[in-house]
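Participant: Take a look at the letters that make up each chain.
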Amino acid sequence: MKASPTDVLTGIYYIDGDVAAGYGALAAGCKLVAGYPITPSTEAFEAMCRMGPQVGTVFIQMEDEFGSISAVLGAVWSGVKSMTITSGPGYSLMMESIGFGAMLETPFVLLNIQRGGPSTGVPTKTGQADMMQSRWGSHGDYELIAISPDSPQEMFDYTIKAFNLAEKYRCPVMIMSDECVGHMTEKVVIPEADKIEIEPRRFYKGPPEKYLPFSPDPDLVPKIAKAGDGLGLYITGRVHDERGYPVKNEEFKAKYVRRLVDKIRLNKDKIIELKEESTDDADVVVVSYGISSRVAVKGVEIARQKGIKVGALRLVTVWPFPDEKIIDLAKKVKAFVVPEINYGQIVFDVARCCHGQANVVLIPHGGAGVHNPLDISDAIESAAKEDKKIEGVVEFKTRLEKIVFERGLKFKE
Amino acid sequence: MNSIISAFSKGIEKSGIDRKKISMPSDVPFNPDVVKALGVDYFQIPRGRAIAFGTGLKLGNPSLKVVPVAGDLMTLGGNHFVHGARRNMELLIICVNSFVYKKIAGKPIPSTQSAFSPYSTFEEPFNFPHLGNSCGAIYTARWTALHTEELADSVAEALHKHGLSVIEVLAPGPNYYTDIDSIELELLKFYHENSTIKNNEDPKNVAIVPDEKIIVGKFTDKERPTFIDSYNVQHSKILGDKFTPHGGKNG
Chain X
1 MKASPTDVLT
11 GIYYIDGDVA
21 AGYGALAAGC
31 KLVAGYPITP
41 STEAFEAMCR
51 MGPQVGTVFI
61 QMEDEFGSIS
71 AVLGAVWSGV
81 KSMTITSGPG
91 YSLMMESIGF
101 GAMLETPFVL
111 LNIQRGGPST
121 GVPTKTGQAD
131 MMQSRWGSHG
141 DYELIAISPD
151 SPQEMFDYTI
161 KAFNLAEKYR
171 CPVMIMSDEC
181 VGHMTEKVVI
191 PEADKIEIEP
201 RRFYKGPPEK
211 YLPFSPDPDL
221 VPKIAKAGDG
231 LGLYITGRVH
241 DERGYPVKNE
251 EFKAKYVRRL
261 VDKIRLNKDK
271 IIELKEESTD
281 DADVVVVSYG
291 ISSRVAVKGV
301 EIARQKGIKV
311 GALRLVTVWP
321 FPDEKIIDLA
331 KKVKAFVVPE
341 INYGQIVFDV
351 ARCCHGQANV
361 VLIPHGGAGV
371 HNPLDISDAI
381 ESAAKEDKKI
391 EGVVEFKTRL
401 EKIVFERGLK
411 FKE
Chain P
414 MNSIISAFSK
424 GIEKSGIDRK
434 KISMPSDVPF
444 NPDVVKALGV
454 DYFQIPRGRA
464 IAFGTGLKLG
474 NPSLKVVPVA
484 GDLMTLGGNH
494 FVHGARRNME
504 LLIICVNSFV
514 YKKIAGKPIP
524 STQSAFSPYS
534 TFEEPFNFPH
544 LGNSCGAIYT
554 ARWTALHTEE
564 LADSVAEALH
574 KHGLSVIEVL
584 APGPNYYTDI
594 DSIELELLKF
604 YHENSTIKNN
614 EDPKNVAIVP
624 DEKIIVGKFT
634 DKERPTFIDS
644 YNVQHSKILG
654 DKFTPHGGKN
664 G
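Chains as they are written, first to last, in this note's numbering: chain X, 1 to 413; chain P, 414 to 664.
Check each hint, because a few of them may be wrong.
[As the list claims (entries may be wrong)] The calculated lysine-lysine pairs, modelled on DSSO-like cross-linking and capped at a C-alpha distance of 27 Å, are: (1) 223/X to 434/P; (2) 210/X to 434/P; (3) 253/X to 168/X; (4) 255/X to 449/P; (5) 433/P to 205/X; (6) 655/P to 2/X; (7) 2/X to 205/X; (8) 210/X to 574/P; (9) 275/X to 334/X; (10) 325/X to 385/X; (11) 635/P to 611/P; (12) 248/X to 449/P; (13) 210/X to 449/P; (14) 434/P to 205/X; (15) 602/P to 650/P; (16) 433/P to 223/X; (17) 449/P to 223/X; (18) 385/X to 309/X; (19) 449/P to 205/X; (20) 268/X to 2/X; (21) 195/X to 655/P.
[Said to hold, decoys possible] Anything over 10 Å on all C-beta distances counts as not near chain P; from chain X, calculated: (22) 12; (23) 185; (24) 216; (25) 219; (26) 253; (27) 325; (28) 368; (29) 388.
Don't read these hints as lab results, they were simulated from the structure.
For every residue, glycine included, the Cβ atom is placed at its ideal position computed from N, Cα and C.
If we strip away everything but chain P, and leave its shape as in the complex, we get:
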């Protein structure tokens, strides 16, 4: 996680956006010191509700940059993700895919096939970038904890996008392991040997499949009106002068 957080911080730096304007609703618990170092506003919210909470933050104050960090994204938060992408709510979703539910040893999860469950898993996993792309996300990317430079660039780029962006980050969940250092190193080595960068690859081809190389890169980068844009256009059309557009240009 540490490498992701520093990459995220670097990304904010590169984007030139004021850290004070960044809000981070997250169902992943962050250490207060880490949040302090990041200089953002942090909300640890119930599992899966980061995107919905972020939607409220953004609608309440469109000048905020809202970055939901999601662990239970495709389980409890699945519907929020699908609809957030459909309405193109301006959010940058960082989805941390650690292959396991943190602290809950061996539960198969919907995001990968190679879960560390006693008998592995037999369920078909989601392909996040493909799902996000097909639901209407305007920016999708996937990086691993090894690709910190690329991740920072993606964060910087996505923070300036108007609409829903999703960056999937493959990262070890260190709390699960007893020997953090060795497993981090082991997994980083695994990512190094088993990943390949393919920018602009069609997201439908980037599913994580056992025994095949993990495809990382930026897959989607397009433009489409955000929820607030469409809200303003529709109401201005019907209500005319009676309607004051919400959020001005920041929406």
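Excised from the complex, chain X in its bound form:
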């Protein structure tokens, strides 16, 4: 299905990542945005408030993040596409309903412009420390999809993709961007509507009396319905059978929750998108995502100038994790270098997939800034020189950490 021409703001823009994501949501056909403003995601909400009413998209500033995500879920069950936008503390508040949305197999999109944490952290500066939270934040077993764009153009493109994935797999999709990408201003090209592919909702079209809201198609994803269609929906966050009726026994739990997890795991190949460069004959592969992948480009370039064979693997889709790709590469390379703006999150999944076949180096960053490309090139260089196998994750000592911890840092009086 093609995008509706009224939803697409075709043109060439010079806008930031937040605004581009907002325009992407409109193009994808998002008809309700409910949010509670929080730095550094506010511009996305503002963009949708400004342009939304002109393309028939309703916005509402809810009383809090609980309300925002609940309204989004309600809107989806009323039959429209919907999303919410948040960051840091707001994301933590939304965890309850993310699990609820996954349990109800509700297709919605959540844009998280990550900021420095924990807690209030550094609201105006960047971070990538919500990655594990996006995967494990809500209680219980569930799977969802998380993607990590690295430019304003990608914020537009991947917001549309996020909506498409949500509809296709009936699951929450997180856009795990960060402050740098959100506030980065670049050229964004919004094509004509007929160039934008939109995944329609998998509505049930059979006889009402035969509708089973949680009876899966062969790809494990069930057809969805909307309120008001006379299907007598019974939808609950409790473990339920195909009718949606609550069940307590372990057999049903095994059957239902297993499918909830499997519909993502077994469709992984179709979901995951990676950008791979020169990994074929590489000694070292840099694994990165979001803004860190932009910085890594420079680090890789410097290392190549020194004659090191280095490849780059960019995780556009972070969850589900591309296990097979890492397992495959681990057999061929000496080491993986993982720069991320946290003290180790995705790096542990890289290590998990390595099975000790390659060394794994973390280049940490506490947030409120991005990596120094020289740290990345140095880490690549030392990983390439390292001949012995080292167990676990090796932490690279960055220039910043040396300044802070070796020379000492005092607060300004």
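Position chain P against the provided structure of chain X, taking the given hints into account.
Facilitator: Just chain P, lined up with the frame of chain X:
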């Protein structure tokens, strides 16, 4: 609960509204058979989020009649209630006040003083109709599980109101008690002896106070633009032809 559900069903019947168009987000678990009998769409959602979820349903499809049934209304759902009333979102909130948190024996709750806690409670409770009224709700009423006719009339009336309506229903929480029949009967007798109907009473005078008669009745019935009305007016004023009003007349 059974008497409330039948009163609610009767209310829908009286209102003449198509049951298929009614959505009921609720943090109170309902038996699937009950929902089937009611003929509505039902969503059991996390505690306290019925109003917020209902807001999404209504904004997504303004032709729906959304009836959030709230148990944890003034605790987890307090902020959603206050703001829902402020923006006059078109919802009919049925607040079931059972005096206890269902299944959790003896926890004092913010809606009443006579909680069944081991040492009673000492906190000041909310006066729902007064709170709703002062936040901007256009319709407030309170009935008990005994006043099924009046409750049905209120439901029928409120379903046609454009804005946020709230009906507080005092009802025993039967799951808490071991002998359901005897306690239901006992409580119904209690309601009979201890309640008095005072329609149009100023909501600030209707707080439930121990050892005083419970005042029931319809307290607020007024008109005020809904959220969708105001949304349309504001954007039409500024954007003119660029704006297509949301939801048409149903909003």
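Participant: Can the restraint linking residue 325/X and residue 385/X be considered satisfied, given a maximum Cα separation of 27 Å?
Facilitator: 24 Å, holds
Participant: Take the C-alpha atoms of residue 385/X and residue 309/X, compute the straight-line distance between them, and say whether it is at most 27 Å.
Facilitator: Holds: residue 385/X and residue 309/X sit about 11 Å apart, inside 27 Å.
Participant: Taken at face value, is the distance from the CA of residue 434/P to the CA of residue 223/X at most 27 Å?
Facilitator: 20 Å, holds
Participant: For the pair we were handed, residue 210/X and residue 574/P, check the Cα-Cα distance against 27 Å.
Facilitator: 34 Å, violated
Participant: Checking a non-interface call: every C-beta of chain P should be farther than 10 Å from the C-beta of residue 325/X. Is that right?
Facilitator: 36 Å, holds
Participant: Is the hinted pair residue 210/X and residue 449/P satisfied, with a Cα-Cα distance of at most 27 Å?
Facilitator: 14 Å, holds
Participant: Please verify whether residue 602/P and residue 650/P have alpha carbons no more than 27 Å apart.
Facilitator: 56 Å, violated
Participant: Sort out whether residue 205/X lies within 27 Å of residue 449/P, counting only the CA atoms.
Facilitator: 20 Å, holds
Participant: Given the proposed pairing of residue 195/X with residue 655/P, does the C-alpha separation stay at or below 27 Å?
Facilitator: Holds, at about 24 Å.
Participant: So residue 12/X supposedly isn't at the interface. Is its beta-carbon more than 10 Å from every beta-carbon in chain P?
Facilitator: Given a closest Cβ separation of 21 Å, the condition holds.
Participant: Assess, step by step, whether the Cα of residue 268/X is no farther than 27 Å from the Cα of residue 2/X, and give holds or violated.
Facilitator: 25 Å, holds
Participant: Checking one constraint from the list: CA of residue 635/P to CA of residue 611/P, max 27 Å. Satisfied?
Facilitator: 17 Å, holds
Consistency with the previously given hints fails for numbers 8 and 15, ordered from lowest to highest.
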